[in-house]
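**Student:** Those protein sequences? They're chains D and Z, same order as listed. Counting in our numbering, the first sequence runs from 1 upward without gaps. Counting in our numbering, the second sequence runs from 1 upward without gaps.
Hints in this document: simulated from the structure, not taken from any laboratory. Since this is a predicted model, take the numbers as computed values, not measurements. Just so it is clear, CB atoms sit at the ideal spot from N, CA and C, and this is done for glycine as well. One thing to keep in mind: the hints can contain errors.
Said to hold, decoys possible - Just a sample of chain Z residues kept apart from chain D, beta carbon distances all over 10 Å, derived: (1) Pro8; (2) Ser9; (3) Asp11; (4) Ala13; (5) Gly15; (6) Gly43; (7) Gln45; (8) Lys52; (9) Met59; (10) Ser61; (11) Asp67; (12) Thr72; (13) Ile74; (14) His108.
Claimed, not checked - If we take Cβ atoms under 7 Å as the criterion, some of the chain Z residues that face chain D in the derived model are: (15) Cys12; (16) Pro44; (17) Gly50; (18) Leu94; (19) Asp97; (20) Lys98; (21) Phe101.
As the list claims (entries may be wrong) - Keeping only pairs whose Cα atoms sit at most 16 Å apart, straight-line, the calculated EDC-like set for lysine to aspartate or glutamate is: (22) D:Lys57 with Z:Glu14; (23) D:Lys78 with D:Asp62; (24) D:Lys78 with D:Asp63; (25) D:Lys83 with D:Asp62; (26) D:Lys83 with D:Glu68; (27) Z:Lys3 with D:Asp62; (28) D:Lys83 with D:Glu1; (29) D:Lys78 with D:Glu18; (30) Z:Lys103 with D:Glu18.
Below, each chain spelled out in residue letters.
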Amino acid sequence: EPEVTQTPSHQVTQMGQEVILRCVPISNHLYFYWYRQILGQKVEFLVSFYNNEISEKSEIFDDQFSVERPDGSNFTLKIRSTKLEDSAMYFCASTNAWRPYNEQFFGPGTRLTVL
Amino acid sequence: DAKTTQPPSMDCAEGRAANLPCNHSTISGNEYVYWYRQIHSQGPQYIIHGLKNNETNEMASLIITEDRKSSTLILPHATLRDTAVYYCIVRVGLGDDKIIFGKGTRLHILP
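Please put together the full structure from these sequences, using the hints given.
**Tutor:** Below is the structure:
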């Protein structure tokens with residue numbers, strides 16, 4: 001069964017450093033998403049991406065964040081200058097627009113720890 | 001904000017049916033009821049969705065009241081692996097519609 005994959009599973013970085021989180025969505029999917037979950041809190045929407053541009057972004061997704069689909073398979077989330085409060089699990093998701101409903105498939109997540 | 005209300009936690013004995021309630025009194029006519037679950041530290045997993053009819057798949061059954069203001073997710077024979085946080089979500093579910101997660105119900109399956 002196809003699945004969303006994410007790398008790395010755990011990323012440790014120093015405050016102020018740039019990080020890139022990588023995702024490989026399911027191959028025939030067209031819509032891509034990033035969500036995050038701070039430890040003990042709700043899963044929060046960050047951004048949706050379709051047709052090589054951002055469809056929607058939340059208030060969390062400020063100028064420090066960017067997304068990119070550099071080739072036909074990868075979908076990345078970049079944080080330019082990490083803060084302590086960026087420590088969280090980051091989940092990538094994708095969906096196939098041609099289904100009659102929008103079932104999103106989530107990856108296993110990347111745990112980001114900012115020191 | 002999430003448009004649903006769920007109990008924060010529930011217990012269920014292994015092998016019994018787990019019935020998870022959800023209230024969504026402000027649901028619109030074009031909105032579906034979706035259920036996802038999140039096993040500890042893993043990504044959320046889609047379970048089932050419905051519009052107004054009851055639905056069943058290999059994982060669960062979804063019972064939606066006639067007025068669509070509430071629903072119940074049924075796991076027919078709960079196992080220890082069903083221990084997770086279960087999210088009831090109301091959304092249109094087309095295009096790039098994002099998911100807004102609430103706090104969900106933490107289901108404990110007791111051996």
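**Student:** Does the structure break any of the earlier hints, and which numbers would those be?
**Tutor:** 6, 7, 15, 17, 22, 26, 27, 28, 30
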